[in-house]
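Novice: Residue numbering for the sequence shown follows this note's numbering, starting at 1229 and increasing by one per position.
Mixed in with the good hints there might be a few duds.
[Unchecked claim] Computed list of lysine to aspartate or glutamate pairs in DMTMM-like fashion (alpha-carbon distance at most 20 Å, straight line):
{"#": "1", "residue 1": "K1254", "residue 2": "E1231"}
{"#": "2", "residue 1": "K1254", "residue 2": "E1448"}
{"#": "3", "residue 1": "K1430", "residue 2": "D1418"}
{"#": "4", "residue 1": "K1254", "residue 2": "D1278"}
{"#": "5", "residue 1": "K1430", "residue 2": "D1373"}
{"#": "6", "residue 1": "K1393", "residue 2": "E1356"}
{"#": "7", "residue 1": "K1393", "residue 2": "D1418"}
{"#": "8", "residue 1": "K1430", "residue 2": "D1415"}
{"#": "9", "residue 1": "K1254", "residue 2": "D1435"}
{"#": "10", "residue 1": "K1254", "residue 2": "D1280"}
{"#": "11", "residue 1": "K1254", "residue 2": "E1273"}
{"#": "12", "residue 1": "K1254", "residue 2": "E1272"}
{"#": "13", "residue 1": "K1254", "residue 2": "E1436"}
These aren't lab readings, by the way, just hints derived from the structure by calculation. For clarity, every value in this text was computed on a predicted model and none was experimentally measured.
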Amino acid sequence: MSEPAAVITGATGWLGSALAGRLLAKGYRLGATYLTPSEAEEFEERFPYDRDRLMLRRINAMERDQIDGFMDSVAARFGRIDAVAALVGGWAGGRDVADTDDMRFDRMIDLNLRSAFCTVRAAIPHLEAAGGGRILLVGSRAAVDTPAGQAAFNIAKAGVVALAKTAALEVEHAGITVNVILPSLIDTPDTRAALPYSDYVKWPTPDEIAAVAEYILTGESAVISGAAIPVYGGS
């Protein structure tokens, strides 16, 4: 069997970079997507000795043609795809249901739910061709706790949880698992800057969450599928 291969969409974020490092250290070849050129440069600088095992592309995971084409390219280069992590997403708060305009709602649905849906749809044929595999999505604690004031985000992330549970049942016969992790606050410089007076010591780090993601994608976790897994730490 050739070396395993994985795909991470949104790979250049804090969580994506942490997970990429773990998968590369485990011997995976990696197809990774990014948003801005500066993110790509930082990502490549972080892994200078792994460039022959990296395929880094700027794509829009919300566009079917782009994500389908990227999956095809990764499979063509590495010969297979064994694991997929859909990490593209974003947050927008400050609006109740009655105050949420169409633009904000559409943005949250597209960025969080449509990107995950398109990634899962593109991944399934390649995982089937490999004889099975793992898919990991990123929801949010807000999908289950649904705090007021961020209606569009809550709804989009609840859709991601429903996507994971639905897809898990549909691909079980092919030996594919689908799970979703539910972060709350993550200890990053951006989050600290946004919440400067919070007790961030209790927040999980990107690497701690990436450790859970790594296990779901590569560990002895084949009996876990359709699960929504809290990764709150003390946050």
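Novice: All hints are to be evaluated individually against the structure, with a verdict given for each.
Specialist: Outcome of the hint check:
In summary, the hint linking K1254 to E1231 is supported, as the alpha carbons are separated by about 10 Å, within the 20 Å threshold. With a C-alpha separation of about 14 Å, the suggested pairing of K1254 with E1448 holds against the 20 Å cut-off. Between K1430 and D1418, the direct Cα distance comes to roughly 16 Å. Compliance with the 20 Å bound is thereby established for this hinted pair. Taken as a hint, the K1254 and D1278 pair is honoured in the structure, with Cα atoms around 12 Å apart against an allowance of 20 Å.
Taking the CA atoms of K1430 and D1373, the gap is about 19 Å. The hint holds against a cut of 20 Å. Simply put, K1393 and E1356 have alpha-carbon atoms about 18 Å apart, close enough for the 20 Å limit, and the pair holds. Between K1393 and D1418, the direct Cα distance comes to roughly 31 Å. Violation of the 20 Å bound is thereby established for this hinted pair. Distance restraint check for K1430 and D1415: the Cα-Cα separation of roughly 8 Å lies within the 20 Å cut-off, and the hinted pair is therefore satisfied.
For the hint pairing K1254 with D1435, the CA-to-CA distance comes to about 15 Å; that is within 20 Å, so the pair holds. For the hint linking K1254 to D1280, the alpha-carbon distance of about 15 Å falls within 20 Å, and the restraint holds. For the hint linking K1254 to E1273, the alpha-carbon distance of about 19 Å falls within 20 Å, and the restraint holds. Between K1254 and E1272 the CA atoms are separated by roughly 18 Å; this keeps the pair inside 20 Å, and the hint holds.
This hinted pair checks out: K1254 and E1436 have alpha carbons roughly 16 Å apart, not beyond 20 Å.
Checked against the numbered hints given earlier, this structure breaks only hint 7.
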